[in-house]
Amino acid sequence: MKDKIINDRQMQMNRRAFLSKSSLGVGVAALSSLLGGCQLFSPSDNGILNADKSGAGILDALHFAPKAKRVIYLFQSGGPSQLELFDYKPLLNQRRGEDLPESIRKGQRLTGMTSGQSSFPLVGSLFNFSQHGSNGTWMSDLMPYTSKIVDELCIIKSMHTEAINHDPAITFFQTGSQQPGRPCIGSWLSYGMGSMNDNLPTFTVLLSRGTGRKFGQPLYSRLWGNGFLHSLHQGVQFRSGKDPVLYLKDPDGIDRASRRKMLDHIAELNSKQLEEFGDPEISSRIAQYEMAYRMQTSVPDVVDVSKEPDHIYQMYGPDSMQPGTFAANCLLARRLAEQDVRFIQLYHMGWDQHENLPSQIEGQARDVDQATAALIMDLKQRGMLDDTLVIWGGEFGRTNYSQGTLTDTNYGRDHHPRCFTIFMAGGGVKPGMVYGETDEFGYNIVKDPVHVHDFQATMLKLLGLDHERLTYKYQGRRFRLTDVHGHVVNDILA
Amino acid sequence: MRKIPIKISSPFFILGASILAVFLLSTSLACQQKQNSNVAKTQVNSSAALTELVPEVIDFNFHVKPILSDRCFKCHGPDANSREAGLRLDTKEGAFAALGEDKDHYAIVPGNIESSTLIKRIYTENPDDVMPTPESNLKLRAFEKDILKKWIAQGAEWKEHWSFLPIERPEIPAINQSSQDQRIINNPIDNFVLAKLQEQNLNSVGQATKEQLIRRVTFDLTGLPPTLEEIDLFIQDDSPKAYEHLVDRLLQTDAYAEHMTSKWLDLARYADSHGYQDDLERIMFPWRDWVIHAFQNNMPYDQFVTWQLAGDLLPNPSREQIIATAFNRNHKITQEGGVIPEEYRVEYVSDRTQTFGTAFLGLTFECAKCHDHKYDAIMQKDYFSLFSFFNSVPEEGLIEPYGAIPKPYIVLTQEEIDEKLKFIKNLDTLKEIPLMVMEEMPKKRQAYILDRGAYDKPTTPVSSDVPASILPFSEGLSRDRMGLANWLFDKDHPLTARVTVNRLWQQCFGRGIVATPDDFGNQGALPSHPELLDWLALELMDSNWDLQSTLKTIVLSATYQQSAKVTDELLELDPENSLLARAPRLRLTAEMIRDHALAVSGLLDRTIGGPSVKPYQPAGLWEETIGGGGGSLAKYIRDKGSKIYRRSIYTFWKRTVPPPSMMTFDASSRDICAVKRQTTSTPLQALVMLNDPQIIEASRVLAYRSIENETSSTDRIARMFRLATSRHIEAEELQKLEGLFEAEQKRFATAPEDVNALLSVGEYPQVDLLDKHEIAAYTIVANVIFNLDETITKG
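As you go down the protein sequences, you meet chains A and B in turn. Under this note's numbering, the residue at position 312 of the first sequence is numbered 312, and the numbers go up by one with no gaps. Every position in the second sequence, counted from 1, becomes a number in this note's numbering once 494 is added.
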């Protein structure tokens, strides 16, 4: 055994000598190719497999044949009202102003914002619905562009959650737990599946603020945190402006040639330390610096939308010319998807319509409608929709009764966990499908409920992962995205 | 998917003749490293785990129980509700009980493999019978099965869980010292470590140089690098006591107190905001200042913790004792309109319970909130009995009205501070400082077992109590937090001292004797040196809980003073360095990395305590995530002047958007009690070190400092290098950096705009010590030095 070690060691020394003797070009090229082979993830069960020589239990193969390679998750933060957008309930218009029957409410706990209300007057949508697509799917007039592509969508009207407030509900969607501290979806995927490219982070995050309600619910950077997973798996926020990733830009006064020269010196001096101390952590650091250098080129390239043709801007809508809008982020998401970034997480804020819902939701819907449809069709025309899963949805739904005073033209809606609507497209879900049903009051699910953990399990399945086997052992327990729950919704798989 | 199989047990597995294979090899090394923190958590240190061989003599606690716990307890463990087939393997009675309707067979029959159904079930290939079941996604490896079999063959001796057994004074192993070996024994720590090495036929790599040693010990005890003067003095001091004097001096510094505080802030989940939704500001710095004050005075640990847990329940408590109890109000608190207050009040009590479990018992108590613990003997009833101690606080679940100070709190006045509480540094001269503290309700709030942990599903009432399996709560103790603190520091308590010394050890070695400082339970790592752990625990208790004296013992050991060189043999046999044949090479923490840059450049402002400060942070981070609320924290308003050069423990901590450069270097999020951090290596870290204005500015100021002190470029570069690494630069290194300096100087001479741009980074005024293009070139060299692996490492 020792001979082998010495032999290996010798080879490593040769490599080092090779690196340090070569001028920067060769050394860098070699290092770059190294990173390609280095999948930055840990095995599926860090507890058992650690010495499992047979390889069984290590996630070096997916659990299932994957349908999707990547995910674009258009998170609508605040809780979009399903009743104005997707879930057509004419009964609520007919019984407008009547009190929500207790036979329907069934003791559902209410948030502190409406639990004190003396009555719960039912209210239907002020916006019209009409039927679209080959299945005659009901869609709101608020979503004209999305309505045109319903044949591409799998709409789930029977989502439900456990949390009734934003922070716990959004944390639940992203991490499977209402209390902060666990890894989010993108981190789990990075950990389980690694990266598909050498130049960009595998989990990216884009934020936009709604125009319907400029200031609604806050976001928290922990929503893209790695929890107890290795920090390589944390989401990297892309921002509009001169520094698209924090600390990405060289300081003014340092040009690319200088930076390259600096990195070469760092690498050479680090290699010398490696020879001295033999600590493999040093070679890891050399590789990380090279990845950072490549990101400095690849990130500005990918966020540079200036060469997109006019018809693309027209497709995504006028907002797409404005950096930092939802539409611009959708366009950027497509570009990231083209570069094989695995998980692209968008957050669009402003969907929390407790009051002035009719006026606010128009702006919110306008923010997202055209660009969402454009993104899906753009992926399709590039042949990427088949292996890209697009998800659109918020953390919960909204009540069928008005929060605050109901007038002819105005009302609000409180949070509602018992039913809400999300939709998906591409990536192995059935197109042109409406799944699940709510009662005619739009308050309870009557058919095919989908819990948040079911949604997570299904998403993982589409990516080729068994949610019960993507685990990480921490503090003695094997954690999962789906905690100890979740069932794959097979009915919606293509 | 992954193309190259990467195995964790051995980094040296790919062998090939082509140059490609050589690349692959180093790739696997890089990958290997990234797994390390992960491996560390799960590696069971024992000769069996090191070699995967079945040991001659099987020890239940070290060899058998980790397997039973990890693969069997989920269905055959403490949780009665998920127990299958009536078999429980976590107790002796259960493991040896007769099974089946007719009580005619046994899982384990000591000495009789044939009659032990456990053996049949783990070896069978029939998927209907095999254990663990295929559905569990768990497996036993061949050598693990063999261990179980051999254990039964050897008589199936049962032992109680090691960490619940009383701490016993271990015999200090004798070491045979031959004349030619280099083994040094400074104190009994070395006996314990050398005895283990001897068992494995391993040798220490030898001692560190004096330069390496002063850097290491200064970082470990103060979080800062040594100054050049300190290094020179130490090197020149030939007295045999030189090192001990150095240690004594370091322990007396304010920097020591700050560094110890920095660790305590993670454990106490300290932050300057409430967490959750709008994440409003809170003022808790007087408590943080008290912690610094306590470490400055080396307050005995039992007193330090007792005041924090129950200072308000002391007879006629002083203001200082009440301030200490803010410890238990550092948890997150919500102001989200619409939440159900009781749901969150229960969450706060749970947080205190979990903090107590993690910080003082090293147990994952929180696992028993919803059900009996799956692995440890902690029932759901035990959880809520401990919860009951923290349940009678006159507090609200929801901050109302918006921005209110959550009850209970006290108001500190400047007068009071001037007279009695001088340790509070009211630098912003607030007229009144409200501070959340603990208080006990006149009538205890009844605690209940909550079904599935849900706040609205109380079932059986419980009273304040602790698990008797750890140590029974003696009759004489009051059933309140004071009684709980007294129980914790009972001399017979098996956990408190072990858990504490383990953290001190981790502070010095990067990894505890128990590698899972937050889990001393069945699923936690086993101690690599159990006798040493007990010896240290007794030292701590015998010294009247004197932390400084224990730390001093640790750093005076020859084990601590070893070199950090990794030999091939050691890397192969003990990649995690659990046997300590060498010193660890560890990346500095987030705080240390920033403080180091500030210290060596001379920027560091050494003011102690006071309100938290806001140094450089990329613009817009707070603004782009707020939802219209957030009060004083809606916008990040960077501080001016020397405040931006304070030590990082004073950096303002907004929980929902923590300082990004620190999070990139694995700082704890302060959401919950944390006693261990990761040490990772990522591309984002490289970007911070290369481009963060804090580091660029420090590079420029380091250049100024070297220009002022030396005259030639050689000496200036050498000085910068030595300041950053604590060692003299070697000729080859100097040559490379001089080459860089010359090239950059030439470039800058023709690029005055670049010069001006680079020198304008940061608030520190420009100083015209030389031609600007020369200063810019030195700045580049300084930045390269700050980016060296060695600079951000203590080895």
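Keep in mind that the hints were calculated from the coordinates and are not lab data. C-beta: ideal position from N, C-alpha, C; glycine also. Worth double-checking, as some hints may not be accurate.
[Claimed, not checked] Simulated DEER-style distance windows between Cβ atoms:
1) E1257(B) with Q381(A): 46 to 52 Å
2) T1244(B) with E276(A): 36 to 42 Å
3) A61(A) with N670(B): 47 to 53 Å
4) S103(A) with S968(B): 53 to 59 Å
5) S968(B) with A61(A): 53 to 59 Å
6) H485(A) with E738(B): 41 to 47 Å
7) R469(A) with Q648(B): 54 to 60 Å
8) S1254(B) with Q381(A): 28 to 34 Å
9) K380(A) with I1131(B): 44 to 50 Å
10) T618(B) with Q381(A): 34 to 40 Å
11) P1259(B) with H485(A): 46 to 52 Å
12) S1206(B) with R260(A): 26 to 32 Å
13) G1096(B) with H485(A): 38 to 44 Å
14) H485(A) with A636(B): 32 to 38 Å
Indicate whether the distance between the beta carbons of T618(B) and Q381(A) respects the range 34 to 40 Å.
Violated - the Cβ-Cβ distance for T618(B) and Q381(A), about 55 Å, lies outside 34 to 40 Å.
Hint check for A61(A) and S968(B) - Cβ pair distance inside 53 to 59 Å
holds (56 Å)
Using the C-beta atoms of H485(A) and A636(B), is the stated range 32 to 38 Å upheld?
Holds - the Cβ-Cβ distance for H485(A) and A636(B), about 33 Å, lies within 32 to 38 Å.
Please check whether T1244(B) and E276(A) have a Cβ separation lying inside 36 to 42 Å.
Holds, at about 37 Å.
Is the hinted range of 47 to 53 Å satisfied by the C-beta distance from A61(A) to N670(B)?
Holds, at about 51 Å.
Mind checking the hinted window 41 to 47 Å against the Cβ distance between H485(A) and E738(B)?
violated (57 Å)
Given the hint of 46 to 52 Å, check if P1259(B) and H485(A) actually sit that far apart at their C-beta atoms.
violated (59 Å)
For S1254(B) and Q381(A), compare the CB-CB distance with the range 28 to 34 Å and indicate the outcome.
violated (47 Å)
Could one say that the CB atoms of E1257(B) and Q381(A) fall in the range 46 to 52 Å?
Distance hint for E1257(B), Q381(A) holds at roughly 51 Å.
Does 38 to 44 Å hold as the CB distance between G1096(B) and H485(A), or does it fail?
The hinted range 38 to 44 Å is violated for G1096(B) and H485(A), with Cβ atoms some 56 Å apart.
Is 54 to 60 Å respected by the C-beta to C-beta distance linking R469(A) and Q648(B)?
Given a distance of about 35 Å, which is not inside 54 to 60 Å, the answer is violated.
That 44 to 50 Å hint for K380(A) and I1131(B) (C-beta), does it hold up?
holds (46 Å)
Consistency with the previously given hints fails for numbers 6, 7, 8, 10, 11, 13, ordered from lowest to highest.
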